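K.L.:
Given only the sequences and the hints, what does the whole structure look like? Please build it.
Chains as they are written, first to last, in the numbering used here: chain W, 470 to 583; chain P, 19 to 132.
Wrong hints could be hidden among the right ones.
[What the hints assert, rightly or not] Under the rule of at most 20 Å between Cα atoms (straight-line distance), these lysine to any residue pairs were calculated in the SDA-like manner: (1) P/LYS75 - W/ASN510; (2) W/LYS518 - P/LYS33; (3) P/LYS75 - W/LYS518; (4) P/LYS35 - P/ASN70; (5) W/LYS518 - P/ALA119; (6) P/LYS75 - W/GLN565; (7) P/LYS75 - W/SER472; (8) P/LYS29 - P/ALA119; (9) W/LYS518 - P/SER56; (10) P/LYS29 - W/ASN510; (11) P/LYS75 - W/THR572; (12) P/LYS33 - P/THR48.
In case anyone wonders, no lab produced these hints; they're calculated from the structure.
Just so you know, these numbers come straight off a predicted model, no measurement behind them.
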Amino acid sequence: AQSVTQLDSQVPVFEEAPVELRCNYSSSVSVYLFWYVQYPNQGLQLLLKYLSGSTLVKGINGFEAEFNKSQTSFHLRKPSVHISDTAEYFCAVSDQNAGNMLTFGGGTRLMVKP
Amino acid sequence: GAGVSQSPSNKVTEKGKDVELRCDPISGHTALYWYRQSLGQGLEFLIYFQGNSAPDKSGLPSDRFSAERTGGSVSTLTIQRTQQEDSAVYLCASSLAGGLAGYTFGSGTRLTVV
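P.N.:
Here it is as structure tokens:
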């Protein structure tokens, strides 16, 4: 069975600082990985995804993530955050054994301070 | 439609009453998912539809919860005899078959049981 762990429930950071949100997964087969963002009182929006190919994936709003198979990680990064990046971020994993259904992590609340 | 539409956006109900939550997925999306998000918590999987059938009902928390999908489109999640612990945001998502393009989420229905 697949699972996702987001190690940090909250990440406070100052505006224009870099940020990394951590995500580790477990699966016995090849995986597909996703990051979603949820702004207050909204649904989830796809930020980026890794299906195959280059391990560095670029998404919307200047975010990127790197798939590291040996460390079973898919950490999300942004070199300089804005106040508007304040939101909840969810990592998700899927694999063919799960019928391509997504399993979500517990979420990380990014709080960008001026 | 252009996005996933959920109604109502907010629902306040008295304990013991039945409620129906509606999800209208993106046209052509054959897969539909229901999740529950309690305050400050991650996403709890409830049920998944492929077409009109629900191959995975494992996430429904009790027999008070049921869901159906008709015409391969609109889905209704019904909660009977609501309890205060049912208070949460109920999120619906849809995807093309397989889900690797990612899910598209609705804005959710905030259910409050008083």
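K.L.:
Evaluate each hint against the coordinates.
P.N.:
Hints, one by one, checked against the model:
1. P/LYS75 - W/ASN510: Cα-Cα ~27 Å, so violated.
2. W/LYS518 - P/LYS33: Answer violated: W/LYS518 to P/LYS33 is near 41 Å, above 20 Å.
3. P/LYS75 - W/LYS518: This hinted pair is violated, its Cα atoms lying about 26 Å apart.
4. P/LYS35 - P/ASN70: 27 Å, violated
5. W/LYS518 - P/ALA119: 8 Å, holds
6. P/LYS75 - W/GLN565: 19 Å, holds
7. P/LYS75 - W/SER472: 19 Å, holds
8. P/LYS29 - P/ALA119: 31 Å, violated
9. W/LYS518 - P/SER56: 25 Å, violated
10. P/LYS29 - W/ASN510: Given pair P/LYS29, W/ASN510 holds - Cα atoms ~14 Å apart, limit 20 Å.
11. P/LYS75 - W/THR572: Cα-Cα ~15 Å, so holds.
12. P/LYS33 - P/THR48: Measuring from Cα to Cα gives roughly 34 Å; hence the hint is violated.
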